[in-house]
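K.L.:
One-letter residues, chain by chain:
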Amino acid sequence: MKERLQELKEEALRKVDAADGIQQLKDVRVEYLGKKGPITEVLRGMGKLSKEERPVIGQLANEVREDIAQAIEVKQTGLEEAALEEQLEAESLDVTLPGRPVQVGGPHLLTSIVEEIEDLFIGMGFEIKEGPEVESDYYNFEALNLPKGHPARDMQDSFYVTEELLMRTHTSPVQARTMGLKNGSEPVKMICPGKVYRRDTDDATHSHQFTQIEGLLVDKDVRMSDLKGVLNAFAKQMFGAERDIRLRPSFFPFTEPSVEMDISCKVCGGAGCSVCKGTGWIEILGAGMVHPNVLEMAGYDPKEYSGFAFGMGPERIAMLKYGVDDIRNFYINDQRFLKQYHKA
Amino acid sequence: MLVSLNWLNDYINVRDYEPDELAEIITKTGIEVESVEPVAEKATGVVVGHVVSCEQHPNADKLSLCQIDVGEGVLQIVCGAPNIAEGQKVAVAAPGAVLPGNFKIKKTKLRGEESNGMVCSLQELGVDEKDVPKEYQDGIYVFPEDVQAGDDAISLLNLDDIIIELGLTPNRADCLSMAGVAYEVAAALGREYELIAEKVEEGSEKAESLVSVEVEDPEANPYYGAFILKDVTVGPSPLWIQNRLTAAGIRPINNVVDITNYVLLEYGQPLHAFDFDRFGSDKVVTRRARDGEKITTLDDQERVLTRDHLVITNGDKAHAIAGVMGGAESEVQEDTNTILLEAAYFNPANVRQSAKDHGLRSEASTRFEKGVDPGRVERAGLRASELLREYAGATVLQGVVSYDQLDRSEKTIDVNTTKINNRLGTEITREEIASILERLQFPYEQSDEDFTISIPTRRGDVERFEDVLEEVARIYGYDNLPYTLPSGASQAGGLSLEQQLKRRVKAYFEGAGLDETITYSLTSEKQSTMLVSKEVAQQAAAPVKLAMPMSEDHSHLRLSVVPELLQSLAYNVARKQHNIAYYELGTVFISEESEVTKQPHEMLRASGALTGEWLSHPWQQEKKSVDFFVVKGIVEGLSDLLDIPMTFEKAKIEGMHPGRTANIMADGKIIGFIGQVHPKLQKEWGLKETYVFDLNAEKLFELYEKEEAFEAIPRFPSVSRDIALVVDEDVSAGDIKETILEAGSPLVKQVLVFDLYQGEHLSAGKKSLAYNLLYLDPERTLKDEEVESAHENILQSVKERHAAELRG
Ligand SMILES: [Zn+2]
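Chains R and B, in that order, are what the protein sequence lines are.
Each number in the numbering used here corresponds to the 1-based position in the first sequence with 455 added.
Each number in the numbering used here corresponds to the 1-based position in the second sequence with 329 added.
Chain R with its partners taken away, still in its complex shape (with noise of 0.2 angstroms):
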């Protein structure tokens, strides 16, 4: 009988070799192990044995079996693989056509650049404080040490509503309003972003509407050296570190001394070029300390207080840094020139 189980054993793992499909293989499953099978058969036969060679030749049987079944599991999972590569084969794409198309919008140039300077004063511990484009002439005008015909208004026509609302020329109103919240007694340390408006006729370089931003702080004894310094921090972050600043004598009503700042020229690196116009410096913004008539008319005694304030247009800014020539493309809205610079 152990020959004819090695018989049937060295049989059936033939043919379970021999299967080449999942059919053959549960066929030879039924026809070795099955209950009719050769296997079940020899052990019906037992009967017929004697004692001592009952259990080795149950034993022997069992190992065949199990071999057998063994041996059509690792054959059956050969053959599952096989045939789910050949499927995965079928199922191949052109991994270079396109795909379906997600819509992706953007920031408008001006709002990327106005949301950098904003992070990086944030940085600084200035807070941003916003106001009314419609303006009392009192705070466009008057709080800030420009009283009704002085000639610097002539230096910003402005579109009147009314005799005493105008859209404001500059946010600096927004300065003069928050200073006087605080009764003279607390520090400022805030920026002003924000439209203005002023009468120009809307051209390559001038624009009836454009944006501003402007910062101030006022605390007590406030040096232009600060001034000097936090402008510096901001053109080294917004511009390059490689970038130096100069700061040139000029004139606000608002402030006194007045000041303009220059960062060096990016394309020439200071030796003069067309951009720079030879100078090797580039205009960024004007500031200054905050003229004392200012500070009283907020409440603020210029003895003990004293401040700076600076301001600066995005537009330009956007102009220098990404090369752009026409002021009206900021609001003309161009989706060409709009998706351009969403990574701005």
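No lab work stands behind these hints, which were simulated from the structure alone.
All residues carry an ideal CB built from backbone N, CA and C; glycine is no exception.
These stretches of chain R come out as covered by chain B in the derived footprint (C-beta under 8 angstroms, 3 or more residues):
#, region
1, 647-655
2, 703-715
3, 785-799
Use these hints to put chain B with the ligand onto chain R, whose structure you have.
P.N.:
For chain B with the ligand alone, kept in the frame of chain R given last:
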């Protein structure tokens, strides 16, 4: 202000600096140099030639054949200028000379005659057409008699000069004069300069015997000085005066006018010369004009005056608008013999008003408006008298007849070294401060750290400590300030909740596929009231309009951002960019008054406009145009983001598609609208189907509640059930959803439409809506019976309220 370096160099040596270097120093210490330009393009080899003879060219009618002595010999030159004549001194470019444009002069033959050079016009020498005196505009330039053949014509004509243009800020009116510039440059370079004293040789006759001066309004006219000059010969002014005027951009006219202009440039004091005989009286009276009074000014314009304007009269008739322009009647003419020369101080505000009202901004009015130096008014009159005596043959009558209430006192300002350093963040020594004050020529008294400074009258802008601080700082040099950071108490800084929300909403729209735009707040009257959301229209009495708009396109403040977005869309579509999705967070301006008296309410809106394809994936045959539900989805996404429930109610809004428009509601109020733009309006803009939304962002931010506590994720499973209902066509899906939520409360948590069907198998006028319902009890697992009972309840309610039948 245009500054001739040749002229400046007469006052203070600047030759040892390259012009660019000098410009840099001036810019850094005080005044921005806007440009450094040569007067004319470089020319060489041009000399004065004496026309010895001048005959008709034998072969050409319009040419002359001239023999010209150029010092080193006589040259035969063919000349085409109509004004050439024997005896003239002219500018000759001999062979070898180079004219502007790198034009090299060579020997040539013209119509058979040898020509050894060229007689030049000023234009050919590089002078700007507008600066060429009238008589030489169509021909060659003729020198005055007193030049020598062979002299360098370029230097005689000052064409080797360099002009630096100063960009003056309004406070630095002191530099509207060459003297002022010289003081400034002297301070910047640390050199010496002083305006030299006038030396007038006066005649024996006294001016006061001929004229008297009366001032009616001393505030408007605190000083009026009248000089009388007799026996004047009007003619061309000397070449050096002409050159200096030309360099400053003023065209020479005649010696009298040129001299008043010259002194204006030199001293910064405008003067006016009247023809005294034509002035018609022996009395100067300055007064405010009468309303309706008329004067014909030098430009031959008749001007109507008001009480706002100061006039110079002869006691009766106005002969000048003070500080602005003289009258035609008493203009200096060729036959003028006696001059009444005015040197006055007019109130800046008054001159400003007159100049503005009459649209006359001149070199004179600009200086008066900014305030002239009180210390130099009379001196300027003396200086002009001196020049008129020398160059117009005038006899200067003795003394100036004046009205004088002018304050010429010097302000004194106290400063302290420590205070200066504390404010600047510097460690400037008192010796350095003293030296800076000396450079500025500000007299001072010093006691240790303290300075008492007298401010010269020429620097009217220096009024208080901070002004001195600026003077010290700029001369000390801003480059020398240290970099420090503010030492005060630090605050956290950061964005307010509203500012954070603004950024989140922007990021949301951009993630949803919209590009941000920025449009103009000022729009046309028509556009200002278009496509306005109901709640805005209800609050706004009328759009806010500008008092004096510059154009009709930007005359009114917008009540809606939507029309501006449509304009942007139209701009793109007209340029063949058809698929556009834009949003803007922008302000609208709401005034409750039809005649504005107070600031309008500025309301932040979140608006969008979309047109064209929304999705296009051609090779998979997927393509979707923007439609109502694309846009609604974007709005609903925002509603989810901010966790502010919004509902949509069909609405009619002017300019919108009547069947595809809805008001958007939140917190029981209208907060905006959504829908398709009316096809008629679309057509006007050149747009295909276009959908828009407009939301009150201000209100949304108000309704937003920051999540304080976290809601636990439900631990028990939900049960999902579908339900298909047949209803009349006009029953809205939203209403049914409301009913389901209400009847299924509290177990139904979510209701989603997943199918809408109309047509076959349904009777006409009916539609089928299928919903998926989600039942959930956060506390426990739901039993089937509970769900069944709730479901029954729902079916009952929709049947009662909407006559809905379960679809079989
Ligand atoms: Zn450069």
